[in-house]
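> Please model the entire structure based on the sequences and the hints provided.
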Amino acid sequence: MGVDGQTPVARTAGRRGLLRGGLRLGASALIGAAAPRAANADTASPPADPIWSQSLGPGVVSRVYGVPSHFEKDVIRRNVPFLTATPESSVSFTPLQSQTGIITASGLFFERYHAGRPTVDPSQHRLMVHGMVDQPRLFTMQDLHRFPSVSRIHFIECPANGGMEWRAAQLNSLQFTHGMIGCAEWTGVKVSTVFNEVGIKSTGKWVLVEGADAAHMARSIPLEKLLDDCLLVYGQNGEALRPEQGYPLRLLVPGWQGNVNVKWIRRLQIGDQPWFTREETAKYTELMPDGKARGFTWPIYAKSVITFPCPEMPVHGAGIYEIRGFAWSGLGRIRQVDVSVDGGINWSRAALGDPVLPKALTRFTLPWRWDGKPALLQSRAVDETGFVQPTIAQLRSVRGTNAIYNNNSIQTWQLKADGSVYDVELG
Amino acid sequence: MSSWVRKAILAAACLTIAAGPAADRHPAGYYGYGTTPTQAQIDGWSIAVRPDGQGLPPGHGSVSDGDEIFQGVCAACHGTFGEGTGRYPKLAGEGSLTGDRPEPLVGNYWPYATTLFDYINRAMPFPAPHSMTPDQVYAVTAYVLNLNNIVPGSFVADRHTLPQVKMPNRNGFIWTDPRPDTHNTACMRNCVLPGTVKITSTAEGKGLTPRTTGPLDKALPQ
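So the sequence lines, in the order shown, correspond to chains A and B.
Following this note's numbering, the numbering of the first sequence begins with 1 at its first residue and continues without gaps.
Following this note's numbering, the numbering of the second sequence begins with 1001 at its first residue and continues without gaps.
Keep in mind that the hints were calculated from the coordinates and are not lab data.
We put the CB at the ideal spot given by N, CA and C, even for glycine.
Accuracy of the hints is not assured; some may be wrong.
[Claimed, not checked] List of simulated lysine to any residue pairs, SDA-like, C-alpha gap at most 25 Å:
(1) A/K201 - A/N237
(2) B/K1198 - A/Q54
(3) A/K283 - A/N79
(4) A/K283 - B/S1131
(5) A/K416 - A/D371
(6) B/K1090 - B/P1168
(7) A/K292 - B/G1095
(8) A/K283 - B/G1214
(9) B/K1090 - A/P289
(10) A/K373 - A/G386
(11) A/K73 - A/G101
(12) A/K73 - A/I51
(13) A/K73 - B/G1214
(14) B/K1218 - A/E72
(15) B/K1218 - A/S90
(16) A/K283 - B/N1108
(17) B/K1166 - B/G1029
(18) A/K283 - B/K1198
(19) A/K416 - A/V398
(20) B/K1090 - B/I1069
(21) B/K1090 - A/V61
(22) A/K283 - B/P1168
(23) B/K1206 - A/G163
[Said to hold, decoys possible] Covered stretches of chain B (chain A as the covering partner; in silico rule of three or more C-beta atoms under 8 Å from a C-beta of chain A):
(24) 1028–1035
(25) 1075–1088
(26) 1093–1105
(27) 1142–1156
(28) 1165–1174
(29) 1185–1191
And the structure:
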């Protein structure tokens, strides 16, 4: 995101930088020379030559693994402490308000643990493939790296993203209403390649996928989906998968709810019916108003959100802005995104930013001249199946308010005349 | 799902499946990577249990044995009678599945008793998962079922009795995804009457949002 998007962070960080610059100038007794206009504290702006232009920076390998500028220290994963009993079984949120492109930085990708983040030794990690197969196999990480490899860009979203907002607008933050999502380039071996190697018996229909974490996280997935486009992933954004994302090996189930993308995966058992694990019965099922529950609702349906303006990124005065956001669908590519500034009365077609990839975050932008009056900002995604993102009222009329999962409703941001932005819901 | 969408998805799926194996059209074992796991290796990791009882190990456990184990191992988080402590899960009670505050619990929500064994065995107790013997897991499973008034105090759980337990909400689930269940349109002009656009709720002033700048917020209640 450009200047608009980073204004609050950049301004704060800038002040700190100036203070430090001022102190260093004072210590070297160069104030007179470097800041000819002593009354003006803006010693890094023209005509002054800033301190970083008059001194050597650290050399190569002073940081053997790079980290973001310390001016970006507020751009971090954050959690909602009261949501869960312990941080070991909890979630953190991606700071989408600061994400500039479709790839989520690996260090900012949201976390979801069911029993903490295990430290898995890759030399001892094994993937067992067994059950209704011709040849059960035990693979080392070295074996898995030897198979033909592919890279794909896909999002992963927890279906509980927005789960706090079913009843009413609750959290005044893009990070907390939409941050259980990330998008990365994933590299690994196609599950179909591995399944072809072991030979799946014709009676095989379902696969239990299980993690090596302390939850022994387990889900049942139809064989067809695994053969279609799923990957056993060891690479993320050009380096090894991060521990938070399942190092050394995770399952990627493109477009389906995050929970089935089992991390630290160690076992694939082929069977002829689902196992009905706790995570697909007691959890990750959706209570409907009549008390019945929906299960196996895996795909993420089309969704979008405006990332600027948003509560964390307010607007500073009337004038021309670029409304920005992300759209995504677990059923394929995003076909179009429309933006409304009047609460859904009239809409304008936004531009999609390349690349527009299936089951990946897609950028959209719309130039907008703000007249300084209150506005209600919304975005509405349409995917290549023709599905149109619903309003929260439409979702509630079908699913009530107890479903927790799969809230893909249109987000409304209330922009006030002072430029501040609030999470609201419309009737 | 409209019929053309369903057809399109089916067609896409068929094409992909047809194309997938074709790209990997090697006989099984073509690469020769990996080793054949021993039966002991397979047995050691095969902990998944199905509703029909597949995967349940030998062993047994009674409600009374389960009571004793539960009070020592489980009650600190789940409460003496499964009522839960703090934000740790409540396991039993008079919960409803409808209304403003539904309370899905083992007794009123879980469709299969076998899932209880599977989950306790693989993930409990929370700080030391997969540390109980099959007899202990059977016993705790029996106790939790009894807390929920599903089985009598004389119940003994084993690989034969557990799949026979009929959970009250066994038929409370729809396992076929009914979406798309909303039918919004991509209307562009005069889509709603201006007078009807009303803010019905706002997060402003609710005090629920953790800080979004500075260090992590520790001030909100856990």
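> Determine for every hint whether it applies to the structure shown.
Structure-based check of each hint:
As the CA atoms of A/K201 and A/N237 are separated by approximately 35 Å, the hinted pair breaks the 25 Å bound. For the hint pairing B/K1198 with A/Q54, the CA-to-CA distance comes to about 56 Å; that exceeds 25 Å, so the pair is violated. Between A/K283 and A/N79 the alpha-carbon distance is near 20 Å, which keeps this suggested pair within the 25 Å criterion. Restraint check: the Cα-Cα separation between A/K283 and B/S1131 comes to about 23 Å, which is no more than 25 Å; the hinted pair holds.
With a C-alpha separation of about 11 Å, the suggested pair A/K416 and A/D371 falls inside the 25 Å cut-off, and the hint holds. Using a Cα cut-off of 25 Å, the hinted pair B/K1090 and B/P1168 holds, with the two alpha carbons roughly 18 Å apart. Simply put, A/K292 and B/G1095 have alpha-carbon atoms about 14 Å apart, close enough for the 25 Å limit, and the pair holds. Taking the CA atoms of A/K283 and B/G1214, the gap is about 33 Å. The hint is violated against a cut of 25 Å.
With a CA separation close to 22 Å, the supplied pair B/K1090 and A/P289 stays within the 25 Å bound. Taking the CA atoms of A/K373 and A/G386, the gap is about 34 Å. The hint is violated against a cut of 25 Å. Our distance criterion of 25 Å between C-alpha atoms is met by A/K73 and A/G101, whose separation comes to about 19 Å. For the given pair, A/K73 sits about 21 Å from A/I51 by alpha-carbon distance, which is consistent with the 25 Å threshold.
A distance of roughly 8 Å separates the Cα atoms of A/K73 and B/G1214; the hinted pair therefore holds under the 25 Å criterion. Taking the CA atoms of B/K1218 and A/E72, the gap is about 20 Å. The hint holds against a cut of 25 Å. About 15 Å separates the Cα atoms of B/K1218 and A/S90, which keeps this hinted pair within 25 Å; it holds. At roughly 14 Å between alpha-carbon atoms, A/K283 and B/N1108 fall within 25 Å of each other, so this suggested pair holds.
For the suggested pair B/K1166 and B/G1029, the alpha carbons sit about 43 Å apart, so the restraint of at most 25 Å is broken. About 34 Å separates the Cα atoms of A/K283 and B/K1198, which puts this hinted pair outside 25 Å; it is violated. Annotation: proposed proximity of A/K416 to A/V398 is violated, straight-line Cα distance about 31 Å (limit 25 Å). The straight-line distance between the Cα atoms of B/K1090 and B/I1069 is roughly 17 Å, inside the 25 Å bound, and the hint therefore holds.
Restraint check for B/K1090 and A/V61: the C-alpha separation of about 52 Å exceeds 25 Å, so the hint is violated. A hinted pair counts as satisfied when its Cα atoms are at most 25 Å apart, and A/K283 with B/P1168 qualifies at roughly 17 Å. Taking the CA atoms of B/K1206 and A/G163, the gap is near 17 Å; set against the 25 Å cutoff, the hint holds. Coverage of the segment 1028–1035 of chain B by chain A holds in this model, with 7 residues showing a Cβ closer than 8 Å to a Cβ of that chain against a need of three.
Look at the segment 1075–1088 of chain B against chain A: 4 of its residues bring a Cβ nearer than 8 Å to a Cβ of that chain, three or more, so the hint holds. Remark: the segment 1093–1105 of chain B is confirmed as covered by chain A, as 6 of its residues place a Cβ nearer than 8 Å to a Cβ of that chain, reaching the required three. Against chain A, the segment 1142–1156 of chain B contributes 0 residues with a C-beta closer than 8 Å to a partner C-beta. That does not satisfy the three-residue criterion, and the hint is violated. Counting residues of the segment 1165–1174 of chain B whose CB lies closer than 8 Å to any CB of chain A gives 3, so the stated coverage by that chain holds, three being the minimum.
Coverage of the segment 1185–1191 of chain B by chain A holds. Counting CB-CB distances below 8 Å, 7 residues qualify, and the rule asks for three or more.
The structure does not agree with the numbered hints 1, 2, 8, 10, 17, 18, 19, 21 and 27 stated previously, though it agrees with the rest.
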